[in-house]
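**Student:** Hints are included, so try docking the two chains, each in its own frame, into the full complex.
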Amino acid sequence: MARRMAAKVAQAWIELRADDPEAVSALAVARAHLPVGARVAGLRRMRLVEIVGALPAREQVESLLHHSTQFYNPHKERCAVRLAPADPAPIESSERAVLIVEREGSWRPAAERWWRHETGEPVEVREGTAWVVRLTNPQAADLEELTLVRGRRHGLLCNPHSQDCRLAEGTVPLPWLHDPPAPRGARAAGRTVPASPKRSAR
Amino acid sequence: MSLPRVAVVQFPGVNCEAESERAIERAGLGAERFRWTRPAGELRDFDAFLLPGGFSYQDRVRAGALAAKDPLMDVLAEEAERGKPVLGICNGAQVLVEAGLVPNGGAIDLALARNQMPDRDGYFARWVLTRVEASGCVFTRHLEPGTLLPLPMAHGEGRFTSRDPDRMAALGRGGQIPLRYAAQDGRAAKDFPANPSGAEESAAAVCNARGNVLAMMPHPERAQDLGGLARTIGGTWGGSRDQALVGGETQAEGPGMLLFHGLARYLKG
Numbered sequence: 230m231a232r233r234m235a236a237k238v239a240q241a242w243i244e245l246r247a248d249d250p251e252a253v254s255a256l257a258v259a260r261a262h263l264p265v266g267a268r269v270a271g272l273r274r275m276r277l278v279e280i281v282g283a284l285p286a287r288e289q290v291e292s293l294l295h296h297s298t299q300f301y302n303p304h305k306e307r308c309a310v311r312l313a314p315a316d317p318a319p320i321e322s323s324e325r326a327v328l329i330v331e332r333e334g335s336w337r338p339a340a341e342r343w344w345r346h347e348t349g350e351p352v353e354v355r356e357g358t359a360w361v362v363r364l365t366n367p368q369a370a371d372l373e374e375l376t377l378v379r380g381r382r383h384g385l386l387c388n389p390h391s392q393d394c395r396l397a398e399g400t401v402p403l404p405w406l407h408d409p410p411a412p413r414g415a416r417a418a419g420r421t422v423p424a425s426p427k428r429s430a431r
Numbered sequence: 003m004s005l006p007r008v009a010v011v012q013f014p015g016v017n018c019e020a021e022s023e024r025a026i027e028r029a030g031l032g033a034e035r036f037r038w039t040r041p042a043g044e045l046r047d048f049d050a051f052l053l054p055g056g057f058s059y060q061d062r063v064r065a066g067a068l069a070a071k072d073p074l075m076d077v078l079a080e081e082a083e084r085g086k087p088v089l090g091i092c093n094g095a096q097v098l099v100e101a102g103l104v105p106n107g108g109a110i111d112l113a114l115a116r117n118q119m120p121d122r123d124g125y126f127a128r129w130v131l132t133r134v135e136a137s138g139c140v141f142t143r144h145l146e147p148g149t150l151l152p153l154p155m156a157h158g159e160g161r162f163t164s165r166d167p168d169r170m171a172a173l174g175r176g177g178q179i180p181l182r183y184a185a186q187d188g189r190a191a192k193d194f195p196a197n198p199s200g201a202e203e204s205a206a207a208v209c210n211a212r213g214n215v216l217a218m219m220p221h222p223e224r225a226q227d228l229g230g231l232a233r234t235i236g237g238t239w240g241g242s243r244d245q246a247l248v249g250g251e252t253q254a255e256g257p258g259m260l261l262f263h264g265l266a267r268y269l270k271g
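Chains A and B, in that order, give the protein sequences. Take the first sequence: its letters are residues 230 to 431, numbered as in our numbering. Take the second sequence: its letters are residues 3 to 271, numbered as in our numbering.
Keep in mind the hints are simulated off the structure, nothing from the lab. Backbone N, C-alpha and C define an ideal beta-carbon position, used for all residues, glycine too. It is possible that some hints are incorrect.
[Said to hold, decoys possible] Derived Cβ-Cβ restraints for the label pairs, each shown as a range:
no., chain 1, residue 1, chain 2, residue 2, range
1, A, A339, B, P41, 24 to 32 Å
2, A, A339, B, D47, 24 to 32 Å
3, B, E83, A, D248, 34 to 42 Å
4, A, A339, B, G241, 39 to 47 Å
5, B, D123, A, P351, 17 to 25 Å
6, B, P41, A, E321, 54 to 62 Å
7, B, Q60, A, R382, 19 to 27 Å
If we strip away everything but chain B, and leave its shape as in the complex, we get (with noise of 0.2 Å):
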């Protein structure tokens, strides 16, 4: 039986192309690199799609902007409507925002604006602590809400934000929020850093309303190798590391790995 197949779409300027396909492929799944030089057509014949992190078109006019317009988004909203996962992570996230796909599959509804940090200003990267909310998220929804998971961000516009003052706050309510910026007693974070970008609702991913979609900005695929977790990560999954450390199984799964296993729980039924 052939395995389900996840393009990994790659507009110039990507750069997380190669970890996402090993992530996809150790969670049991089929990755194939899609350039954006081919025909958007072909996009039909896979049964999900990964938008990696990096700088699409070198982050002109806006992060996410120009590529949000390529005709690879219209095949890309039409599978996610027909049910197809998308992931899109970091700047496959603001790729996802700036084309409508999240968090309404239409208008435009939402910006990931440049963080807000006091006496700083621009790129910023650390581990943070992510909290799983209840949620039908395909990527989330076989986790227990307030799983705690340590993952990398790394960006300079990661800020979810309306000019709606409420829509952050519905998109809570309504599910579409499955991932929060957490403090260490899972509380969620409001203040930076443990909030690294002053997004609202401590948002650090915002799903469609059927759960299809996901456009998150810590990177899951940076965290799937459980030796690989920062030094400054303690509680269990900090303990799962020194011992994988101390055994030599540095290449164990790290908590990223769940949000793939998530999609692989969905395309296997």
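Looking at chain A on its own, in the form it has when it is part of the complex (with noise of 0.2 Å):
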């Protein structure tokens, strides 16, 4: 329990270096097939990976991050570490993000395994993906209506019958992945959760 009293969380977000042929496409369809594409001016898509444990400084948890082949490929992939809610995530002042997330949880235990390997300390290790987008001339709800899948021509990036998604409403939260706090035992059973985003707010 003492432990988990002093759990700090890291935030790794990784994009790819090169144009993202994911987003792009993702970006080509919502504006020819969507009625808020045409509000859209920018898709970048992120793997949100989050360590939540006893973890060492900054230094340290870059380092394990850039050495394992668990999280990411620095040869094609950049990675931004936040460990403060005051550190920046690389969005934009113009961009916001939402982050999207199997209903039935988003667990890498292979990381959990290696990260305990290399430290001798147990973490608990999500991903999910987030979106980061830019809007020209928003309306209230064109975040939302991107993101939700309601209809051929409403929503892309979530369908609610298998996914959640969160939206950032200032600055991204830390956790985002890890909140609310899950306990460990609940992986396997499906989140009853509101068909609407849950908007993350700080």
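**Tutor:** Next comes the structure, spelled out in structure tokens:
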């Protein structure tokens, strides 16, 4: 229990160095086929990995992430690490972020095993997809309209029957994937959450 | 008299079009490959449609998500509304679900989520048993309920699920689950690997209420040759396979052809 009380959180924001084909395709389809697409000026995709546990100092966390094959490939991806809410997420002020996670969880047991092997410390690792959207003349519901799939012309990024989404309002929360905290034993169980996106505000 | 024509709709990344065409032709129908680059309106000239398996648009965003937005799907939805049959296999099923043609023909009502498997994750492939259920589905209604069909499955996202915890059960009660994963004894399979994805209600396939649009995760086109059935398949189908192998009749019709014959019966009246 004491260890859990002292747990720290690290966020690794991982993005392809080259143009991301998945984001390029998503943007093209949104612009071509969704009414909201006309106001989508840009779309980026990042993998968001969150590590919770007794973590070492920033330098060591970055080194562990860099040297493992579990998290990212530094030859083709870049990784920005956040350890405190004040640390900036790699998101411009003109952009907004939406996090997509599988409803049944997004745990990374192999990464957890690797971390424990390397450091001797147990951690919990989760992964989701963060879409970073730049809107032109945005209307209030644009981000939700782009995100939640409701029909062939409405929504793209999240099918609410198998996924949850969380919209960041202002500063991106830390933690974001582990919010709200879930007991370890709840991994296999599905969580009941509202069909509308959860808004994470700090 | 010209044969009924079936369009095999090919989005980029689809890879099961050839064997799908072969199965359609073996059932006595005409098959034509319809690439995504053609004008969508030309689809209206066809009598039925098949969306084959593969990885449309490389599964970007989510399996089937990008193809579901293509204008071709609007025409398919209109033609399905008119009663024309549509069969989506594996990735084709994912496209139909993401496009809302199954189970409603409108709003998105289901998802094909990532497989839930004990101690493993991701893509999984094996032969499975499916059981025919009482249903008005045009592809299976000529088959006796309880009939077991061995079919291969191969996917990472094949778990039929809904946010509404009662939705899948309601579909089953309404005859909209025409195929369920089954154990060797014929009972609906809840557990891995007989239910390879953890699909709710053991659903291997879901159709619309009218029964003319079917989204199925196993591959019937890969089970069209009796000689191609896996060695692990026993029972009646296994016996037929062994006889075919001994007799040199390896290309005799396998269990997957029964669904294509269902389509032919419907189209030929």
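**Student:** What are the numbers of the hints that this structure violates, sorted from low to high?
**Tutor:** Checked against the structure, the hints that fail are numbers 1, 2, 6, while the rest are satisfied.
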